[in-house]
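Enquirer: Sequence:
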Amino acid sequence: MKPFARRQLTTQKRVFNYRLSRARRQIECTFGILSNTWRIMKSIDTDVLPAIDSEKAICVLHNFLLAKEPIQVASDSDKDNWRTTGDTSARFTGSRNSTRQPATIRQTLCDYFNSPEGSLPWQLEACMH
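Read in order, the letters of the sequence shown are residues 1 to 129 in this note's numbering.
Rather than coming from a laboratory, the hints here were simulated on the basis of the structure.
The beta carbon of each residue, even a glycine, is placed where N, CA and C say it ideally should be.
One should not assume that every hint holds.
Pairs of lysine-lysine residues, derived as DSSO-like cross-links and limited to a Cα-Cα distance of at most 27 Å, are as follows [claimed, not checked]: (1) K2 x K13; (2) K56 x K68; (3) K68 x K2.
Distance windows between CB atoms, simulated [said to hold, decoys possible]: (4) I105 x F31: 29 to 37 Å; (5) K56 x Q12: 19 to 27 Å; (6) K56 x M1: 36 to 44 Å; (7) S119 x L65: 34 to 42 Å; (8) A5 x E117: 36 to 44 Å; (9) Q8 x N36: 34 to 42 Å; (10) L109 x K68: 35 to 43 Å; (11) Y112 x T30: 32 to 40 Å; (12) S35 x E117: 29 to 37 Å; (13) H62 x P116: 33 to 41 Å; (14) F64 x Q8: 43 to 51 Å; (15) T30 x G118: 19 to 27 Å.
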């Protein structure tokens, strides 16, 4: 999913872009850890459904091994230091045109992240820096 363009960002769109960026970072870190531990992740060359099953199995095995021998995880204060280290802007190639469905989903998520049910107490302060 692509973020809203930087031009004329409203507070609501800025919050969405921030939350999307955090989600992407978590997913990229997860796949990085899994591909370093389980080399098969680097070369899964199959259809989508078998690949999904393989990834689920790898996650289960990984979590099982972590339960036996935990690794050290960064502290909560370290998790937001990404903003001070390098460029965090998303890079896109190819067409920037989107169909209506992804744009509708993006707007629905934007509305949810800014609603009382979906907002986080610290999101406005974090995304306005």
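Enquirer: Are the hints correct? Go through all of them and say.
Expert: We went through each hint and held it up to the structure:
1. K2 x K13: With Cα atoms ~12 Å apart, K2 and K13 stay inside 27 Å; holds.
2. K56 x K68: holds (19 Å)
3. K68 x K2: Roughly 38 Å separates the two Cα atoms, so the pair is violated.
4. I105 x F31: 29 to 37 Å: Given a distance of about 22 Å, which is not inside 29 to 37 Å, the answer is violated.
5. K56 x Q12: 19 to 27 Å: violated (34 Å)
6. K56 x M1: 36 to 44 Å: violated (22 Å)
7. S119 x L65: 34 to 42 Å: With a Cβ separation near 36 Å, S119 and L65 satisfy 34 to 42 Å, so the hint holds.
8. A5 x E117: 36 to 44 Å: violated (26 Å)
9. Q8 x N36: 34 to 42 Å: Given range 34 to 42 Å: holds, Cβ gap about 40 Å.
10. L109 x K68: 35 to 43 Å: With Cβ atoms ~37 Å apart, the hint holds.
11. Y112 x T30: 32 to 40 Å: violated (23 Å)
12. S35 x E117: 29 to 37 Å: Once the Cβ atoms are compared, 35 Å apart, the range 29 to 37 Å for E117 and S35 holds.
13. H62 x P116: 33 to 41 Å: Taking Cβ atoms as reference, H62 and P116 lie about 36 Å apart, which means the hint holds.
14. F64 x Q8: 43 to 51 Å: Cβ of F64 to Cβ of Q8: about 48 Å, so the range 43 to 51 Å holds.
15. T30 x G118: 19 to 27 Å: holds (22 Å)
Of the numbered hints stated above, those contradicted by the structure are hints 3, 4, 5, 6, 8 and 11, listed in ascending order.
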